[in-house]
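Asks: If you read the sequences in order, they're chains A and B. Read left to right, the first sequence gives residues 1 to 385 (the numbering used here). Read left to right, the second sequence gives residues 1 to 385 (the numbering used here).
Honestly, I wouldn't trust all of these hints.
Claimed, not checked - In silico contact screen, one side only, chain B against chain A (beta carbon under 7 Å); selected entries:
hint	residue
1	ALA60
2	GLY65
3	LEU256
By construction, these hints were calculated from the structure, which means they are not laboratory data. Even glycine gets a Cβ: it sits at the ideal position worked out from N, Cα and C.
Number of protein chains: 2
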Amino acid sequence: MMSKYRLMSPGPTPIPPEVSATGALPIIHHRTPEFGEVFTRVGENLKRVFMTRNDIFVYAASGTGAFEGALQNLFSPGDKVLVVNNGNFGERWAKMGRAFGLEVTELVYEWGQKADNAEVADALSADPGIKAAVCVLSETSTGTVNDIEGFAKATENVVTIVDAVSGLGACELRTDEWGVDVVVAGSQKALMTPPGLGFVSVSERAWRAHQEAAMPRFYFDWTQAKKASQKNPPQTPWTPPVSLVMQLDVALGQILDEGLENVLERHVLLGRAARAGVKGMGLRLFGPDEDMNTAVTAAWVPDEIDGKRFVNTLFQEHGVQVAGGQGKMSGKIFRIGHCGYFDAYDIIATIAAAELTLESLGYPVELGKGVAAAQRVFSKSGVAA
Amino acid sequence: MMSKYRLMSPGPTPIPPEVSATGALPIIHHRTPEFGEVFTRVGENLKRVFMTRNDIFVYAASGTGAFEGALQNLFSPGDKVLVVNNGNFGERWAKMGRAFGLEVTELVYEWGQKADNAEVADALSADPGIKAAVCVLSETSTGTVNDIEGFAKATENVVTIVDAVSGLGACELRTDEWGVDVVVAGSQKALMTPPGLGFVSVSERAWRAHQEAAMPRFYFDWTQAKKASQKNPPQTPWTPPVSLVMQLDVALGQILDEGLENVLERHVLLGRAARAGVKGMGLRLFGPDEDMNTAVTAAWVPDEIDGKRFVNTLFQEHGVQVAGGQGKMSGKIFRIGHCGYFDAYDIIATIAAAELTLESLGYPVELGKGVAAAQRVFSKSGVAA
């Protein structure tokens with residue numbers, strides 16, 4: 001039987017039809033007033049979604065590129081940085097810091113565990129030479145969301161850097177209210193835009209660190225980006241991905257039309273329903289069972305079943321693309337992404353397909369039980385009663 | 001009167017309707033067999049267009065980002081590099097080299113002048129410590145195309161690096177036959193794809209230089225890119241811009257269907273017609289009047305006319321978007337881009353609109369004279385007789 005493709009991975013994510021259609025418009029030049037208007041609006045709307053008045057720069061890059069830019073712009077070789085590592089991405093930033101000659105103090109937690117902000121504060125007290133601290137908002141590899149409000153408090157005397165690539169627009173992140181100096185994000189998660197754009201927001205404190213930062217840089221240089229952004233209309237120093245920026249403009253418009261607080265609440269429900277569905281079909285969640293976990297739901301594949309086979313069957317037989325485990329969790333867990341353009345019935349279809357997959361792989365499952373659990377979440381909330 | 005938008009700039013450039021339409025397809029995951037098939041074919045077809053068997057890596061980045069990656073991957077701080085600077089981009093690479101701590105020997109030529117490869121050879125003989133040499137294929141700021149075959153010969157004992165961002169697919173570049181070690185390119189010029197992808201090709205000699213290169217790097221790291229490319233199907237280390245890659249796949253298919261040699265010949269005619277048209281309407285070309293100049297035609301704006309006003313009128317009154325001068329040539333010259341998805345009538349419409357613009361700005365022009373000169377080029381060639 002024909003089955004539709006349902007992208008339920010934590011990035012790239014599906015995009016709204018209006019965003020897709022915008023991708024088919026003819027290319028316009030980046031120095032036209034027309035593009036200037038789009039880029040100005042994108043800049044203003046990004047600030048609303050980042051909840052900040054800080055500068056925000058847009059790169060042709062993945063989130064990893066924008067993060068590398070942050071390191072180049074904030075540090076000199078030999079500088080000390082604290083990195084929270086409770087998953088694949090925390091691990092990546094520690095590795096990247098070392099590649100750039102930073103002295104990295106790594107706070108390592110088990111995958112699926114949250115960072116302990118008291119330990120973060122202790123580590124900073126123990127070494128006053130540390131200039132900045134890095135934490136991931138939503139650790140895509142595990143679904144675990146760290147308490148960034150607490151992290152920002154624990155790191156208030158240093159530059160606070162947050163990787164919000166899969167979190168921004170799905171998890172609460174009050175950049176200015178909480179005092180987060182640098183936020184790195186990407187287009188392809190909750191911002192409902194194709195991959196290819198990276199973002200960074202830069203506070204006053206981060207600008208001060210930048211003044212002293214001697215790390216060589218050019219492409220990602222904040223000073224050049226700032227100079228270009230001060231033109232009228234604002235520009236980028238190098239050719240921007242005009243089609244992606246125009247798509248982002250439409251996506252940001254939709255997010256703000258829905259209302260950012262409503263978007264965040266929707267993600268709370270999506271996460272809650274996904275967790276209820278997973279537990280309802282008899283599987284064990286990976287990581288904390290918390291309403292904070294709004295972007296990705298991770299769960300153990302039952303021991304009796306090969307994890308890769310589960311993910312492949314779900315995709316090949318049912319068209320539902322979830323992600324397997326990354327790194328050391330490969331083959332052991334699966335991850336349902338629900339950051340961005342997702343509604344109640346995306347979750348319900350995913351749980352229904354997962355139930356059918358478990359059945360076909362010989363795992364004892366009562367069809368509809370996980371689905372009903374997910375339905376109840378929406379029913380209770382009045383969203384899809 | 002309504003006028004259509006005609007993008008005649010040297011990047012971004014217009015893209016074929018089929019490439020546009022592909023931009024409206026739903027996002028697929030980058031680890032699907034479907035994307036794997038596309039990415040495999042893109043890799044093979046890029047090699048055909050680059051005329052190389054060397055490794056080619058695809059980045060989420062503009063050409064400037066891919067170039068920065070080349071510097072990070074080839075050098076250690078303090079290394080010596082020769083940079084030919086005969087325009088805005090040559091100047092940029094010299095500046096970037098210094099930003100990354102390289103000792104840059106700069107061969108500076110007047111804008112619009114070609115590099116003298118005998119001087120390149122002399123400069124290398126004078127300092128055997130120089131490890132690599134950089135030259136721009138098509139200097140977008142002036143339209144001048146450097147003799148890369150000669151440059152590769154002059155630099156045969158060092159790593160030869162060519163910026164082919166606006167040249168690749170428009171100007172002859174026989175990477176392997178000529179012995180070019182590193183070629184940097186971008187999606188948004190003659191490859192008829194939206195901006196947002198950068199490329200680099202890496203020869204055996206470049207790989208040897210890479211082994212000794214101690215410059216810190218991560219996002220653009222060739223070793224990581226190589227490792228990902230050796231998976232089956234080939235991958236990128238970070239999330240690739242899937243929609244842009246799918247558009248590139250369609251564009252490369254069209255280039256190879258037309259036939260690369262035919263594409264290059266078409267560009268010779270486009271350049272010849274643009275130059276004939278410019279001279280026919282009584283303007284002076286900027287840079288050499290040579291068939292090599294296939295990507296961009298630059299010309300002086302007459303002294304009596306304000307250069308920015310000319311470019312703006314052409315755009316606002318006629319919908320034809322050419323580029324003004326960059327840097328020190330700002331307001332003095334204008335540039336017609338014709339690298340990529342352009343045919344005879346794009347050139348003819350541009351010349352016709354330029355004639356009407358000159359007339360409306362009070363400059364003495366005989367309407368149709370430039371157009372006829374352009375027509376004659378196509379007529380002689382039998383292309384649009």
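Asks: Would you mind marking each hint as holding or not holding in the structure?
Replies: Do the hints match the structure? See the list:
1. ALA60: OK, holds: ALA60(B) within 7 Å of chain A, min 5 Å.
2. GLY65: holds, 5 Å
3. LEU256: violated, 21 Å
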